[in-house]
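For the protein sequence lines, the chains are A and B, in the order given.
As numbered in my numbering, the first sequence has no gaps in its residue numbers, which increase by one up to the final residue, 212.
As numbered in my numbering, the second sequence has no gaps in its residue numbers, which increase by one up to the final residue, 1590.
It should be emphasised that the hints constitute simulated quantities derived from the structure, not laboratory data.
Source: prediction; values computed, not measured.
Cβ atoms here follow ideal geometry from the backbone N, Cα and C, with glycine treated the same way.
Mixed in with the good hints, there may be bad ones.
In the DSSO-like style, the derived pairs of lysine-lysine whose C-alpha atoms are separated by at most 27 Å in a straight line are [as the list claims (entries may be wrong)]:
id	chain 1	residue 1	chain 2	residue 2
1	B	K1358	B	K1523
2	B	K1482	B	K1467
3	A	K140	B	K1558
4	B	K1534	B	K1523
5	B	K1514	B	K1405
6	B	K1534	B	K1482
7	A	K109	A	K25
8	B	K1003	B	K1042
9	B	K1302	A	K109
10	A	K148	B	K1514
11	B	K1467	A	K194
12	B	K1003	A	K79
13	A	K25	A	K194
14	A	K194	B	K1534
15	B	K1501	B	K1358
16	B	K1405	B	K1501
17	A	K25	B	K1003
18	B	K1523	B	K1588
19	B	K1459	B	K1523
If you want a taste of the chain A side facing chain B, the calculated C-beta under 10 Å gives, among others [claimed, not checked]:
id	residue
20	E20
21	T24
22	K25
23	N42
24	D54
25	I121
26	P123
27	P125
28	A131
29	E135
Pairwise CB distance ranges, derived in the manner of DEER restraints [stated by the list, open to error]:
id	chain 1	residue 1	chain 2	residue 2	range
30	B	P1568	A	M133	14 to 22 Å
31	A	K194	B	V1565	40 to 48 Å
32	B	P1477	A	E181	27 to 35 Å
33	A	I196	B	M1001	43 to 51 Å
34	A	P134	B	S1381	29 to 37 Å
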Amino acid sequence: MAHAIATNESATVNVGQRVELDQTKTVLLVGVGGQGTILAGNVLAMTASAAGLDVKVSEIHGMSQRGGSVSTIIRMGEKVDTMVCDPGCADVVVAFEAIEALRAQQFLKDGGKLFVNDETIIPVPVNIGTARMPENVGGKLDAVGAVKIDAGRIAREAGSPRSTNVVLVGALSTALPFTVEEWEDAIRRRVPPKTIEANLVAFARGREAAGA
Amino acid sequence: MQKQLLSGNEAIAQGAWEAGVAVGAGYPGTPSTETLENLVRKDNVYCEWAPNEKVALEVGIGAMMGGVRSLVTMKHVGVNVAADPFMSVANTGVNAGLVILAADDPSCYSSQNEQDSRHYAAFARIPCLDPSDSQEAYEFTRRAFDISEEFDAPVMLHETMRIAHTKTMAEVEGVRTEVAPRDYTTQIPKYVMMPAMAVGRTAATNEREDRLLAFADETDLNRIEMRDPSIGVVVAGALYNHVREALPEASVLKLGLTWPLPAGKLAEFAASVDKLYVVEEACTYFETRVRALGIPVATPPKGRLPRSGEIMPMHIRTAFGIAEPVHIAPAEGLPPRPPAFCVGCPHRLVYCELRRMKAIVTGDIGCYTLGAVAPYRAVDSVIDMGASLSMAHGMELAGTSERTKRPVVGVIGDSTFAHSGITSLLGTVYNGGVGTLCILDNRTTAMTGTQGNPVNGVKLAEQMAGKSPLDEPSGKPLDLVKLCEAIGVDEVIQVDSQNLKDIRAALKTAIGHKDLLSVIIFKSPCRLIDRSRKPMPVIRDCRRCGTCIQIGCPALGKDETGFAVIDPNQCIGCGQCVQSCPFGCIQKEG
């Protein structure tokens, strides 16, 4: 019998050595289950690995996906050791929701960058009266230097409300040393074929919103 | 060679496939689930979900005994379920290679305990391999099959959540080596574990242990990395990466084979460092064994590492007196965001009614475990798969319902019922037990990602091909009503779990029948497999009583004045809030 080949094509990478990082970079994506953090993490990981970097991506599956807080850690560099992120170790935090941004603020490295989707999803404990929303969320975000991105509105205006996560990938892209083409290549490989154009627009709008 | 970004589970599937594995069996369980889901998509290998881990392992044992390489996958608590065949196959040894994946979950991201499954490998005296990343997961899986056949032993492949669900770069050959099936001959002394033969196999296991001890000292699975000799760390698995991060100058004995431990290499390493430490999480697996070899284990200068939960690099830094990086203080006063029943979840109204009735609920393992948290707080126990039904019987024997004037109700999901609930129910029927038991049949194994199971009849390969349990079944979905009747349950009621009136009536009927054993099957599909939406209901003249809010729907909230409001982005029009409003203020549109 002939040897069969089985590979996960979307995960196969072209090994190059175009991007060099003098230090391992850590990106933390946080949000609420169902917001698309995993896809965003995949796009970043594919971008970094296609640029020839060592990459580790740690995800949380299982029970916490049921509307709970979720996080994905992406670390990249010449040689990455740990796959987790301790307080004070994230070069970039991208929060898909405002409360989750505050919950993750301690992970930011001194001088790190925090992008936050300017949207609040009320946790169930608040609705049922066992917990309260904090006051002045916007002010608290300002105090930690968060860059607010109105990703939901931007995605809707770009005609693809489900691309909120890719708008945030666009914002994230401004803080990392990969070219627009490298990001776009990863998006093309990762999102459903019919949504490629809409996602590329969302990505571009996200970059603009982050000041690129 | 192909360089890929693979999760540990994907890498294990790739390694097993390349090693010529012909049969894969398992039961879904975080963090092991994706292994078989990846393997089944490859050519020339057959994979199936078993009803439980014991059955899966027995299928694997049959396949390896019949001559082909087999992989059996389970989460750590699944090893408990499979422990009976596990302990015996450790003594019979193998024909073709048998590898058992045990996936642990330190910090209990999705589990009921933090057990370290390697204790089972030590208990059964079978080799245990412990990869540190996906490259090793791939390589160790391939080697595990060879080791299994070389040493005539099943091999435990041990991983934790951080290995299973971390994607790292892995170079894989991408080529499968077909392994010809081994000849089958009847070998009664090897495979028939009746007393005389079993004792004979203990001798074989003893002899095997001696060979494995020698192997442990020779194999490159264990390696000494000498750097600064003042600190020596013994470590395995994901924690190896954390030690490299936190203590880059430390010397390390990295163990890839974690049973048996390499006595000679440990002594050599201990002699070449000033102090020897172990880094491990939620257990003292290494510490007790290294000490038992007469090798002192030092306590880190600033105190012990945590003994529960995942160990992070920061814990290691702290224990060794290395300053934390500067960071912003954690925000205070944030509302927690625990997992919750999805919008439209068919479990919600059942728990609302059990709460209203003040039932004592013996619960079980699955999404519906969330009935234990606010706003329901309607689950009194969660112990293990199937315990809901047998424990309800035990509480009946204790007379709890009479003393508390509260009904005792066992609540179990469909997949969990197939896993271990059927035998529990059989025990209650057999012994003339009575009471009320509920099967929440949402047509899927929801918690682990909507897998097929014997109740919905969707086989693993069909599941991965995108078949929904709501499609016309091609397999043999289990008829729960007929099964319960055939077992001898006195009263079987089937109810739509999206209909609050029917839920209430069924529970009232069953609990009223104090001399009968009643099973209520609450049937309605999980919202992860039925994504249909209906128009959002309209709230008029809300009286601010808050009753609807207490059904715990993520789409329902209150505005500043206390009026109930529906989040149009989340609402799917399921109508649960419509049924819960005591004043009829929430109405379906149109």
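To see whether the hints hold, each was checked on the structure:
1. Of the pairs offered as hints, the one joining K1358 (chain B) and K1523 (chain B) holds, with about 22 Å between alpha carbons and a cut-off of 27 Å not exceeded.
2. For the hint pairing K1482 (chain B) with K1467 (chain B), the CA-to-CA distance comes to about 25 Å; that is within 27 Å, so the pair holds.
3. Note on K140 (chain A) and K1558 (chain B): the hinted pairing holds, with a Cα-Cα distance of about 23 Å set against a maximum of 27 Å.
4. The hinted pair formed by K1534 (chain B) and K1523 (chain B) meets the criterion: a straight-line CA distance of about 19 Å does not exceed 27 Å.
5. Pair hint K1514 (chain B) plus K1405 (chain B) holds up; C-alpha atoms about 13 Å apart against a cutoff of 27 Å.
6. For the hint pairing K1534 (chain B) with K1482 (chain B), the CA-to-CA distance comes to about 33 Å; that exceeds 27 Å, so the pair is violated.
7. Straight-line distance between C-alpha atoms of K109 (chain A) and K25 (chain A) comes to about 10 Å, which keeps the hinted pair within the 27 Å bound.
8. Among the hinted pairs, K1003 (chain B) with K1042 (chain B) is consistent with the structure: their alpha-carbon atoms are about 18 Å apart, no more than 27 Å.
9. Distance check on the hinted pair: K1302 (chain B) and K109 (chain A) sit about 24 Å apart at the alpha-carbon level, within 27 Å; holds.
10. In summary, the hint linking K148 (chain A) to K1514 (chain B) is not supported, as the alpha carbons are separated by about 60 Å, beyond the 27 Å threshold.
11. Proximity of K1467 (chain B) to K194 (chain A) is assessed by CA-CA distance (about 22 Å); at most 27 Å being required, the pair is judged to hold.
12. As the CA atoms of K1003 (chain B) and K79 (chain A) are separated by approximately 15 Å, the hinted pair is consistent with the 27 Å bound.
13. Under the criterion of a C-alpha separation no larger than 27 Å, the hint pairing K25 (chain A) with K194 (chain A) is inconsistent with the structure, at around 32 Å.
14. At most 27 Å may separate the alpha-carbon atoms for a hinted pair to count; K194 (chain A) and K1534 (chain B) meet this at roughly 26 Å.
15. Of the supplied pair hints, the one linking K1501 (chain B) and K1358 (chain B) holds, its CA atoms being roughly 17 Å apart against a limit of 27 Å.
16. Proximity of K1405 (chain B) to K1501 (chain B) is assessed by CA-CA distance (about 23 Å); at most 27 Å being required, the pair is judged to hold.
17. As the CA atoms of K25 (chain A) and K1003 (chain B) are separated by approximately 21 Å, the hinted pair is consistent with the 27 Å bound.
18. Of the supplied pair hints, the one linking K1523 (chain B) and K1588 (chain B) holds, its CA atoms being roughly 22 Å apart against a limit of 27 Å.
19. This hinted pair checks out: K1459 (chain B) and K1523 (chain B) have alpha carbons roughly 20 Å apart, not beyond 27 Å.
20. With a cut of 10 Å, the hint placing E20 (chain A) at the interface with chain B is violated, because the nearest CB-to-CB distance is about 16 Å.
21. This hint holds: T24 (chain A) has a C-beta 9 Å from the nearest C-beta of chain B, less than the 10 Å allowed.
22. Given hint, K25 (chain A) at the interface with chain B, is violated; its Cβ is 14 Å from that chain's nearest Cβ, farther than 10 Å.
23. Interface restraint check for N42 (chain A): the shortest CB-CB distance to chain B comes to about 8 Å, inside 10 Å, so the restraint holds.
24. The beta carbon of D54 (chain A) is positioned within 10 Å of a beta carbon in chain B (closest approach about 6 Å), and the interface hint is therefore held.
25. Nearest Cβ of chain B to the Cβ of I121 (chain A): about 8 Å, under the 10 Å cut. The hint holds.
26. The closest approach between the C-beta of P123 (chain A) and any C-beta of chain B is roughly 4 Å, which is under the 10 Å cut-off, so the hint is satisfied.
27. Nearest Cβ of chain B to the Cβ of P125 (chain A): about 5 Å, under the 10 Å cut. The hint holds.
28. The criterion of a C-beta within 10 Å of any C-beta in chain B is met by A131 (chain A), whose closest approach is roughly 4 Å, and the hint holds.
29. About 9 Å separates the beta-carbon of E135 (chain A) from the nearest beta-carbon of chain B, less than 10 Å, and the hint is met.
30. The given range of 14 to 22 Å is respected by P1568 (chain B) and M133 (chain A), whose C-beta atoms sit roughly 20 Å from each other.
31. Look at K194 (chain A) against V1565 (chain B): about 34 Å separates their beta carbons, and that is not inside 40 to 48 Å.
32. Between P1477 (chain B) and E181 (chain A), the C-beta spacing of about 50 Å breaks the proposed range 27 to 35 Å.
33. For the pair I196 (chain A) and M1001 (chain B), the supplied restraint of 43 to 51 Å is violated, since their beta-carbon distance comes to about 30 Å.
34. Taking 29 to 37 Å as the suggested C-beta distance range, the pair P134 (chain A) and S1381 (chain B) conforms, at roughly 35 Å.
Checked against the numbered hints above, the structure violates hints 6, 10, 13, 20, 22, 31, 32 and 33; every other hint is satisfied.
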